[in-house]
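Got two chains here, separate frames each, mind docking them using the hints?
These protein sequence lines map, in sequence, to chains A and B. Per my numbering, the first sequence starts with residue 1, numbered consecutively. Per my numbering, the second sequence starts with residue 1, numbered consecutively.
Careful: at least some of the hints might be erroneous.
[What the hints assert, rightly or not] Listed next, the in silico DSS-like pairs over lysine-lysine satisfying Cα-Cα at most 30 Å (straight line):
{"id": "1", "chain 1": "B", "residue 1": "Lys374", "chain 2": "A", "residue 2": "Lys93"}
{"id": "2", "chain 1": "B", "residue 1": "Lys273", "chain 2": "A", "residue 2": "Lys174"}
{"id": "3", "chain 1": "B", "residue 1": "Lys361", "chain 2": "B", "residue 2": "Lys374"}
{"id": "4", "chain 1": "A", "residue 1": "Lys192", "chain 2": "A", "residue 2": "Lys93"}
{"id": "5", "chain 1": "A", "residue 1": "Lys174", "chain 2": "A", "residue 2": "Lys192"}
{"id": "6", "chain 1": "B", "residue 1": "Lys231", "chain 2": "B", "residue 2": "Lys374"}
[As the list claims (entries may be wrong)] Sample of chain B residues with no beta-carbon within 10 Å of chain A, all distances over it, derived:
{"id": "7", "residue": "Val27"}
{"id": "8", "residue": "Ala40"}
{"id": "9", "residue": "Gly68"}
{"id": "10", "residue": "Ala88"}
{"id": "11", "residue": "Asp133"}
{"id": "12", "residue": "Ser139"}
{"id": "13", "residue": "Pro154"}
{"id": "14", "residue": "Gly211"}
{"id": "15", "residue": "Tyr350"}
{"id": "16", "residue": "Arg376"}
{"id": "17", "residue": "Cys431"}
If you are wondering where the hints come from, they were derived from the structure by calculation, not from laboratory data. Fair warning: this is a prediction, and the values are worked out from it, not measured in the lab. Built from N, CA and C at the ideal position, the CB exists for glycine as well.
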Amino acid sequence: MRVAIAEDSVLLREGLSRLLGEAGFDVVAQCDNAEDLLLKVRSYDPDVAIVDIRLPPTHNDEGLQAALDIRSRHPSVSVLVLSQYVELGLALKLLADSAEGVGYLLKDRIGDVEEFVNAVRRVAAGGSALDPIIVQTLVSRQRADDPLVQLTPREREVLELMAAGSSNQGIADKLVITVRAVEKYVSSIFGKLGLPSTGSESRRVLAVLTFLRS
Amino acid sequence: MSLGAFGPRSLFQLSAQPDAARVVQHVQLLSLSAICLVGAGVLVTRRRQAGRPRRRLLGLLVDSFALGLVMIAVLFAFGTFDWPGFLAIQRATLVVIGISPLVFLLGLLDARLARSAIGELILELRADPDPADLRDALSDALRDPSLTLAYWLPDFRAYVDLDGQEVELPAGNGRTATLIERNGGHVAALIHDGALDDEPQLLDVVGAAAGISLENGRLHAELRARLEELKGSRARLLDAGQRERQNLERNLHDGAQQRLIALSLELSMLEQKLGDRPDLQSRLDGARAEIALTLEELRDVARGIHPAVLSGHGLAVALESIAARAPLPVRLTVELDARLPDRVEAAAFYVVSESLANIAKHAEASDATVLVAKTRDGLVVEIVDDGVGGADTENGTGLRGLADRVEALGGRLRVWTPLGGGTRVQAEIPCA
Numbered sequence: 001m002r003v004a005i006a007e008d009s010v011l012l013r014e015g016l017s018r019l020l021g022e023a024g025f026d027v028v029a030q031c032d033n034a035e036d037l038l039l040k041v042r043s044y045d046p047d048v049a050i051v052d053i054r055l056p057p058t059h060n061d062e063g064l065q066a067a068l069d070i071r072s073r074h075p076s077v078s079v080l081v082l083s084q085y086v087e088l089g090l091a092l093k094l095l096a097d098s099a100e101g102v103g104y105l106l107k108d109r110i111g112d113v114e115e116f117v118n119a120v121r122r123v124a125a126g127g128s129a130l131d132p133i134i135v136q137t138l139v140s141r142q143r144a145d146d147p148l149v150q151l152t153p154r155e156r157e158v159l160e161l162m163a164a165g166s167s168n169q170g171i172a173d174k175l176v177i178t179v180r181a182v183e184k185y186v187s188s189i190f191g192k193l194g195l196p197s198t199g200s201e202s203r204r205v206l207a208v209l210t211f212l213r214s
Numbered sequence: 001m002s003l004g005a006f007g008p009r010s011l012f013q014l015s016a017q018p019d020a021a022r023v024v025q026h027v028q029l030l031s032l033s034a035i036c037l038v039g040a041g042v043l044v045t046r047r048r049q050a051g052r053p054r055r056r057l058l059g060l061l062v063d064s065f066a067l068g069l070v071m072i073a074v075l076f077a078f079g080t081f082d083w084p085g086f087l088a089i090q091r092a093t094l095v096v097i098g099i100s101p102l103v104f105l106l107g108l109l110d111a112r113l114a115r116s117a118i119g120e121l122i123l124e125l126r127a128d129p130d131p132a133d134l135r136d137a138l139s140d141a142l143r144d145p146s147l148t149l150a151y152w153l154p155d156f157r158a159y160v161d162l163d164g165q166e167v168e169l170p171a172g173n174g175r176t177a178t179l180i181e182r183n184g185g186h187v188a189a190l191i192h193d194g195a196l197d198d199e200p201q202l203l204d205v206v207g208a209a210a211g212i213s214l215e216n217g218r219l220h221a222e223l224r225a226r227l228e229e230l231k232g233s234r235a236r237l238l239d240a241g242q243r244e245r246q247n248l249e250r251n252l253h254d255g256a257q258q259r260l261i262a263l264s265l266e267l268s269m270l271e272q273k274l275g276d277r278p279d280l281q282s283r284l285d286g287a288r289a290e291i292a293l294t295l296e297e298l299r300d301v302a303r304g305i306h307p308a309v310l311s312g313h314g315l316a317v318a319l320e321s322i323a324a325r326a327p328l329p330v331r332l333t334v335e336l337d338a339r340l341p342d343r344v345e346a347a348a349f350y351v352v353s354e355s356l357a358n359i360a361k362h363a364e365a366s367d368a369t370v371l372v373a374k375t376r377d378g379l380v381v382e383i384v385d386d387g388v389g390g391a392d393t394e395n396g397t398g399l400r401g402l403a404d405r406v407e408a409l410g411g412r413l414r415v416w417t418p419l420g421g422g423t424r425v426q427a428e429i430p431c432a
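The following block holds chain B by itself, in its conformation from the complex (with noise of 0.2 Å):
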């Protein structure tokens, strides 16, 4: 390590100036050091935007030339500054050095497991495993744990995961997927890190070996997403009957409704600018009344239209009046800071006004108790009696469709009724 210094005539001349020199072999040794420590780096990077998964046997090599770098610049640096402990450094370093050889077979020994990863796998797709456990499957295989599968549907024209909720394929963002075909037909897609594209016949043999596994995923995929579209058209049905009797309502009270008012008020003045005609008189009245009645019955159609007192003023006014008029008496308690939206609202009034019809009618109970309360995660509406319990849960009572309604909205319907131990029927629906 002996390096001379500049001649003090030609640079290329020799001369013995050995603090110049040691000056000059420092400042090598630390740049040599600086630039290991760098490259050292960059591989540390890379390894890093690599994600997890690297073809293995090359990242083991990466990693322990990373290492060896970085103990030649602690050696560089203890030599430069006379720091104890050099040759203890210098023996690590060269332990380093030669261990890299053994990493590379470590590594051989590892693509070997992969191997056998993949017949644990086959193993584990003989035993026809649920759809739902064939992802930790496939993940362990690939040894991939941001695995995800998407099933393509292709009535849909798109790919959904086991839920049935449609799934975007990633572009970019360290992430790709691989497509698996069986028969000539489209069935699924991995989704991986980015970094499983390095070992193309991996994920050719475990896509192969799960082909049906993920044939049987794709069909329960396929069935979920079909529940999922007929509960939304349900809901969509429920709010388009619900908008409809609402319209129909605002018809008839914009309508017929307020001319029968403005008719009768016209009447009244006209029979008090009659003066003393009797006999006129008491035909206006007759009319009057007539109109009056027009108007009650109009109004009882009305409201079993479409109560408007629930979408006007929201669900605690609505039920304060229902609760009144109830035949026994009812203990109301409405817990609601804000309105719900009108679904939620018309099918928690629904289930209130239909349960207490069906107490009135059956339950033969002294008193019932209304508890309407948000929750963290939706609506609760809870109606007790104390009556003789029993009810039919199947046949017109109404529970049924009452149960329709709230299911629609992806909520439940409960119904305790133990004989002559009065009736809890208690709804869950769902709301943001």
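Looking at chain A on its own, in the form it has when it is part of the complex (with noise of 0.2 Å):
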């Protein structure tokens, strides 16, 4: 898999590249701003960017702004947006119409070099990683009439990893038990959410992102 990175910081840019190189990505550029992302997603057409949501000049938006513009012209990239903060109007931003091939992630994940490489995998072939921060601000929001009561606390275990964009597979990982237990799980719970049932991973991950912020 070919990955482009865009981080300012030197040290966290080696490291990353480092890091990615020997769980056998390619890592075909790296740069220090959005500009040279953007020309360099162009020139080499990775599978992933991962960018800095602050890069120069202004350390302001460069690094959200780049990973629109490559969301929208070039939708065969995933993009990967790091920060040292997540906030939920961002990830609303960034996921503004799909969650496909997106994912938006605290730069500590990075220290647990497992859990990063499978989210950097799993955006890069299509499908999405949320920081666990954004889902529980979600899940824990206060709501009037909280729906979210009728779950049981293993299906609320469920949806919390649905929502940071798990696969059936991951979530069965996670919580060691069998696919079809979380199969049934997520019916479960779509069903008590009066959600509709989705096709794709990154499609349930929106659902429950809509549901979960009205």
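If you want it as structure tokens, here you go:
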């Protein structure tokens, strides 16, 4: 899998590149600003671009703009946005239309190599990865007649993993249950929340997000 | 009106050629008529350029003279072409020319009236008028509606208007300034139509009569100017603080936080290389957990210093997050189509976050509504809850601090908090 990285801290950029290289990725481009990234995405056509949300020159929203640009101009390239803070508003902006091939993670997650590599792989393959903080913010959000109270604790766990972009297999591995059991939980959750069942896992992410947000 | 025509042999020889004579006469009359009209035209243009209040006596005289010229021109034209009504025009012309002395007398009367206007001014000034009304009184006395006042502030070395805004004294342009002195000091300047320069005595008398009132106005203007200055320095202080916080947050972000993340990454790659050494692995795990905790604490500190998401991504995005984190359901509506100035966004952000924190702590509300909308004059931020109301607006609830922040930007913070009727906080922050 081919990866492009845009990160202005040299330390982190080198670290990421080494980490992904060792995990079997082909790091085709590294850069420290958004403009360069767009150029390299165009020339090297990577599977996934990993973007720091704060990039020069202003360190405001250049990284996010680049990510949105790539998503609209190069739909075949997945985007994983890394940030020191994860904010619900940004996640909603990034996943406005679809959760396919998009990820938004706290930078701290890089430290957990296995999880992180899995997330990169998932996003590169067209899936999604949403930071647990976002999911928790959404799930614990106060609602007037909270429909989530109908869920069992186990269903809640499954819902959170689902919203973060995990596949059924991923959820099964994490909760140490069978894929069949996961499927049962998923359909029960969708039934209780009155959500129409969706085909792909990333469409499922969007459906759950939309539900949690409203 | 009999004029000859040229003789056949000499230009000066008289000869009887009535046709030629008529033509010459017509040309003469029309030329005279044209000259009269040009003269009247010149008078009218000059009069226009001179502006409104001119030396009144002379002005009226000039006006009647111009009218006389026009009448004469018309008379000649009627005579030349034998138009009907010649006699009527002739009488009218005589009347107009005869009126001139009357007009002169009227002018004299007008001058007396001007003097009585000064009397009125003195009476009005004795009643100690509000500085805002002083201009009108002076403008009436000088009969110059365009009159404005500028007060001299020695500390600022500048002329200002009543609101304390700096005023430039006019240079040319048909406007002049008459400086008013009192007790050897500069007090104010009357900025008036240049034509008033023809009446220096009037200006002197008015200036002398208005001395004390102008001094009062000057003090008023000085107060306003100091207030303006204070407001400006308050806003600058706020800005400086904000910038400082932003820099601090940026330094934390670019420095310590990035290094810690890189360190954690390094440790975890080391761990993978260790192979089967469970003792070392668990120690590395511990170290990484410690780093993760430090990062989290650092993030909270940085967020407290300055919400980076606000400067990076704007009010709508930043508010979405705090609304979601609030411990009660929050209905959030943000109606903005563009970014606003940093200080306005920051103020609005703090108004919402502080209000939501207050609601969580004191209001016992079941839900809250947040509305942020751009109006023609600025930004309106409103936070409404359905809690117990009766919030303490003076002590400790942070409302005072919010009001300071909003007022420093020239805005206004209002709180309605009837006992048992919920609380509504509304901030209006001006922005261009």
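How the hints compare with the structure:
no.: 1; hint: B:Lys374 with A:Lys93; verdict: holds, 21 Å
no.: 2; hint: B:Lys273 with A:Lys174; verdict: holds, 24 Å
no.: 3; hint: B:Lys361 with B:Lys374; verdict: holds, 29 Å
no.: 4; hint: A:Lys192 with A:Lys93; verdict: holds, 27 Å
no.: 5; hint: A:Lys174 with A:Lys192; verdict: holds, 23 Å
no.: 6; hint: B:Lys231 with B:Lys374; verdict: holds, 23 Å
no.: 7; hint: Val27; verdict: holds, 81 Å
no.: 8; hint: Ala40; verdict: holds, 68 Å
no.: 9; hint: Gly68; verdict: holds, 75 Å
no.: 10; hint: Ala88; verdict: holds, 84 Å
no.: 11; hint: Asp133; verdict: holds, 51 Å
no.: 12; hint: Ser139; verdict: holds, 52 Å
no.: 13; hint: Pro154; verdict: holds, 45 Å
no.: 14; hint: Gly211; verdict: holds, 57 Å
no.: 15; hint: Tyr350; verdict: holds, 17 Å
no.: 16; hint: Arg376; verdict: holds, 26 Å
no.: 17; hint: Cys431; verdict: holds, 19 Å
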